[in-house]
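Chains as they are written, first to last, in my numbering: chain A, 1 to 327; chain B, 1 to 205.
It is worth saying that the hints were derived from the structure and are not from the lab.
Note that CB positions come from ideal geometry on N, CA and C, so glycine has one too.
Any given hint could be a false lead.
[To be verified] Residues of chain B clear of chain A, computed beta-carbon distances all greater than 12 Å:
1. Met1
2. Asn2
3. Ile3
4. Glu5
5. Lys6
6. Glu18
7. Ser52
8. Ile56
9. Phe57
10. Asn72
11. Ile118
12. Val165
13. Phe168
14. Ile173
15. Val177
16. Val189
[Claimed, not checked] The following label-pair restraints were derived from C-beta to C-beta distances:
17. A/Gly42 x B/Gly58: 12 to 22 Å
18. A/Leu283 x B/Ser52: 27 to 37 Å
19. A/Pro220 x B/Ser52: 37 to 47 Å
20. A/Ile12 x B/Gly49: 34 to 44 Å
21. A/Pro301 x B/Gln8: 34 to 44 Å
22. A/Leu203 x B/Gly102: 34 to 44 Å
23. A/Leu293 x B/Gly58: 41 to 51 Å
24. B/Leu174 x A/Pro127: 53 to 63 Å
25. B/Asp9 x A/Arg321: 32 to 42 Å
[As the list claims (entries may be wrong)] Calculated lysine-lysine pairs in the BS3-like style (CA-CA distance at most 25 Å, straight line):
26. A/Lys73 x A/Lys15
27. A/Lys146 x A/Lys156
28. A/Lys15 x A/Lys313
29. A/Lys73 x A/Lys57
30. A/Lys15 x A/Lys3
31. A/Lys313 x B/Lys93
32. A/Lys117 x A/Lys134
33. B/Lys12 x A/Lys15
34. A/Lys57 x A/Lys156
35. A/Lys73 x A/Lys134
36. A/Lys15 x B/Lys93
37. A/Lys134 x A/Lys146
38. A/Lys73 x A/Lys117
39. A/Lys146 x A/Lys117
40. A/Lys3 x B/Lys93
Each chain is listed here by its residues.
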Amino acid sequence: MSKLSDANLRGIPMKPYDMVREGLIVLTVITTAVILLAAIWGFPRIPPLTVHEVAIKAPISFIERTLSYFTGKSGLQTYGPPYTTDYENAQQVAGICPACWTGVVHPLNAQVDLVMKPLQQIGILNPSIAADLKLYRQAPVAQRVKWAENYSAALKTASVTEGRVISAPGDYGPVAPLMEAMLNFARAGLLEAALTQGTNPSLAPYNTDYTRALLYLGGPIMNEVANHFDEQGGEWGMSHLAGPYPGAWWLWPYAFLYQIPAIGNSPNADLIAGMIMAVFSLLLIFLPFIPGLNRLPYIFPVYRIIWRDWYQKYPSGDPSRPASYNE
Amino acid sequence: MNIDEKIQDFLKTHLTLEDAFPTRMPVYVNSFGYFFGTMTLSSLAIIIGTGSAMMIFGPIWSHVSSVGAFINAMHFWGVEIFYFSAILHILFKFFTAAWRGGRWRTWVIGWLIFATTIFSGISGTLLQQNWDAQWNAQQGKDAFAALGLGWLNWMDITSVLSLHVGIFAALVILLTVSHLFNVRSESPVHPIVDDGGGDAGDRRA
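Work out the full structure: start from the sequences and follow the hints.
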């Protein structure tokens with residue numbers, strides 16, 4: 001044995017042992033358990049929510065979300081870093097703002113990147129849409145806002161007939177045909193590809209950045225689906241999966257913080273929870289050196305159950321003082 | 001200075017073959033709790049094995065083909081068992097105050113492995129290519145941004161895959177090897193010596 005082991009094990013009674021055999025037995029048992037679990041329960045394959053699917057099943061919601069990007073009213077447009085320069089919206093606690101330190105590393109203009117660019121592509125396929133887009137761009141700002149507001153209001157009473165969104169007649173200018181064009185583009189299954197390709201055309205066809213396609217359905221649409229699966233932050237969020245699967249239950253301590261109203265309802269919830277978890281992690285990592293905490297195992301003597309055979313022979317735990325010695 | 005001689009001295013001091021592959025063990029190593037570490041290591045081996053297969057054959061194989069989907073399910077359940085075993089292992093080491101006798105490095109490295117696996121697990125969730133991956137990417141972006149991790153693009157699948165199968169996997173393996181080296185070098189921690197007075201007084205071993 002090494003000098004270190006010699007020093008550590010001096011005077012300790014030993015028994016025969018075969019570590020590799022034990023390891024192989026445990027590996028066999030664990031592998032069998034994993035195979036059985038995989039065979040019985042499989043893997044949670046609830047498919048992703050696609051823009052295409054939303055455009056077909058919930059066309060009004062799709063248009064409302066698209067309109068919010070188009071008019072600059074979505075939360076994404078004032079998100080702050082890493083997407084926009086709205087630093088006042090970055091989470092911060094007592095002047096600590098890690099998002100501000102890292103800055104706008106993935107700039108995103110939702111109006112242009114999520115709607116205008118796809119509309120330009122649609123315009124190549126359909127000249128009337130190109131004309132509508134030109135008309136919209138040349139109109140005064142007040143006129144654009146009026147068209148969008150009128151259309152937004154009309155959507156609240158709109159109906160869907162054979163996949164078409166039917167709204168009451170009104171002064172919507174080119175906004176209505178532009179939004180319908182986006183809906184048709186999405187229904188054809190082309191919008192996600194356009195968003196991905198549009199992220200960085202110079203990388204085509206190797207673009208693997210799905211930021212725009214993933215962010216598009218964020219907000220009310222994905223929230224509704226998440227509600228269906230009880231996956232909102234206030235419902236222990238990331239610590240469980242959709243359906244009857246255990247998920248990341250080891251994140252319960254982190255998810256628990258979001259269940260505390262003072263944290264969960266705070267606009268800085270993620271930073272507060274992250275900071276608490278960072279402190280908690282440091283306490284655990286350096287526990288051997290923290291007075292009081294490093295005495296907890298002595299206060300709750302579970303070790304006496306774990307090593308009960310040893311303490312039966314050596315009540316004090318010291319092998320130089322067996323039970324007969326104490327008597 | 002002879003480097004080979006230094007290495008020999010280091011191994012003689014810290015880890016001989018007899019330590020690495022022990023044929024004897026202290027008699028106090030006599031609890032089911034000692035299996036928790038091996039269970040954790042076994043599930044990690046399954047995770048790495050199944051993950052490697054998915055990495056080689058690709059996402060279509062692991063989602064669409066029946067064999068691939070089964071390996072994918074094994075990867076998922078391997079992770080569940082990994083955390084179940086790891087948390088039992090940590091509790092066992094906590095209640096035996098296993099950091100005694102200069103074993104604090106093993107404790108600290110163990111927690112570093114656990115912390116790395118958390119990030120590895122999150123990146124793995126984002127790679128599932130299902131609704132949960134999509135929802136967690138959407139929700140996680142706020143936490144990543146708030147914590148100053150927004151500079152990593154968690155929605156670029158190449159970045160996330162590289163982190164998951166490259167950086168995090170390498171860190172976990174490296175730290176695990178280091179953890180095991182310490183475990184075998186230091187030998188199992190002694191039972192606590194209670195010298196009377198109502199408090200276990202053994203602070204040395």
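Inset, instruction - Could you work out which earlier hints the structure fails to respect and list their numbers in ascending sequence? - result: 6, 10, 11, 16, 22, 26
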